Amino acid sequence: EDKVVQSPLSLVVHEGDTVTLNCSYEVTNFRSLLWYKQEKKAPTFLFMLTSSGIEKKSGRLSSILDKKELFSILNITATQTGDSAIYLCAVEARGGDKIIFGKGTRLHILP
Amino acid sequence: DAGVTQSPTHLIKTRGQQVTLRCSPKSGHDTVSWYQQALGQGPQFIFQYYEEEERQRGNFPDRFSGHQFPNYSSELNVNALLLGDSALYLCASSLGMGGGTQYFGPGTRLLVL
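If you read the protein sequences in the order shown, they are chains A and B.
Be aware that the first sequence starts at 1, since it is given in this note's numbering, and climbs by one per residue.
Be aware that the second sequence starts at 1, since it is given in this note's numbering, and climbs by one per residue.
Some hints could be false.
Below 30 Å or equal to it, Euclidean Cα-Cα: the simulated BS3-like pairs (lysine-lysine) are [to be verified]: (1) A/K68 - A/K37; (2) A/K68 - A/K41; (3) B/K13 - A/K40; (4) B/K26 - A/K98; (5) A/K41 - B/K26; (6) A/K3 - B/K26; (7) A/K56 - A/K67; (8) A/K103 - B/K13; (9) B/K26 - A/K40; (10) A/K56 - B/K26; (11) B/K26 - A/K57; (12) A/K41 - A/K103; (13) B/K13 - A/K98; (14) B/K26 - A/K103; (15) B/K13 - A/K41; (16) A/K37 - B/K26.
None of these hints come from the bench; they were simulated from the model.
Every value quoted in this text rests on a predicted model; they were computed, and no experiment measured them.
Assemble the whole structure, with the sequences as input and the hints as a guide.
Written out as structure tokens, the structure reads:
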């Protein structure tokens, strides 16, 4: 059965810290891995990863995919209180647009 | 450029009732997917509509049904509501069946009493 596992499930750090969020997956016919940030309701898109070893960056956020070991990490450097959110990892399988989500990591940044 | 919109934002129903949730996709998108997100969980895929047909379906009972209209908007219907149906229902739109990035709407929070 296809699954996506995120760790940790929750994390509390102080402003300025660096955090690493983990996502491992098992899916047949992998197409891409996606990271979303969910603050109140709508998840907002962060990254789409399809190739191993190529880091994607957006400001203080970066992510990388390892297709051999079937995992991805999301790094946030110099965290700010506005980074507090649930970070969702999802994997998209070929043959359709079904996306399987993990349970998310709830990140709380203390001022 | 209008993003994904959903209505209503909140809804309270009682067990056994039926509910209809609505979604308008982002401008230019033709594919709509529906997800159920229970408290503390990630979104779970319900089904996807493209060209007015259900193309993919997750592990949800037949009580969950949907429809897509010629203007690409979509409805999610849930019959015989159960307490466990209480959740945030998210709609996501994308372009085609080729794996384009999905953009999510703000969701409808359903509470079943």
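A quick look at each hint next to the structure:
The hinted pair formed by A/K68 and A/K37 meets the criterion: a straight-line CA distance of about 25 Å does not exceed 30 Å. Using a Cα cut-off of 30 Å, the hinted pair A/K68 and A/K41 is violated, with the two alpha carbons roughly 33 Å apart. Distance restraint check for B/K13 and A/K40: the Cα-Cα separation of roughly 22 Å lies within the 30 Å cut-off, and the hinted pair is therefore satisfied. At most 30 Å may separate the alpha-carbon atoms for a hinted pair to count; B/K26 and A/K98 meet this at roughly 18 Å.
With a C-alpha separation of about 17 Å, the suggested pairing of A/K41 with B/K26 holds against the 30 Å cut-off. At roughly 28 Å between alpha-carbon atoms, A/K3 and B/K26 fall within 30 Å of each other, so this suggested pair holds. Only pairs whose Cα atoms come within 30 Å are accepted, and A/K56 paired with A/K67 is accepted, the gap being roughly 15 Å. Straight-line distance between C-alpha atoms of A/K103 and B/K13 comes to about 26 Å, which keeps the hinted pair within the 30 Å bound.
Proximity of B/K26 to A/K40 is assessed by CA-CA distance (about 19 Å); at most 30 Å being required, the pair is judged to hold. With a C-alpha separation of about 25 Å, the suggested pair A/K56 and B/K26 falls inside the 30 Å cut-off, and the hint holds. For a cut-off of 30 Å, the pair hint linking B/K26 to A/K57 stands: about 25 Å separates their Cα positions. Our distance criterion of 30 Å between C-alpha atoms is met by A/K41 and A/K103, whose separation comes to about 15 Å.
For the given pair, B/K13 sits about 29 Å from A/K98 by alpha-carbon distance, which is consistent with the 30 Å threshold. Pair hint B/K26 plus A/K103 holds up; C-alpha atoms about 26 Å apart against a cutoff of 30 Å. Restraint check for B/K13 and A/K41: the C-alpha separation of about 20 Å stays at or below 30 Å, so the hint holds. Only pairs whose Cα atoms come within 30 Å are accepted, and A/K37 paired with B/K26 is accepted, the gap being roughly 19 Å.
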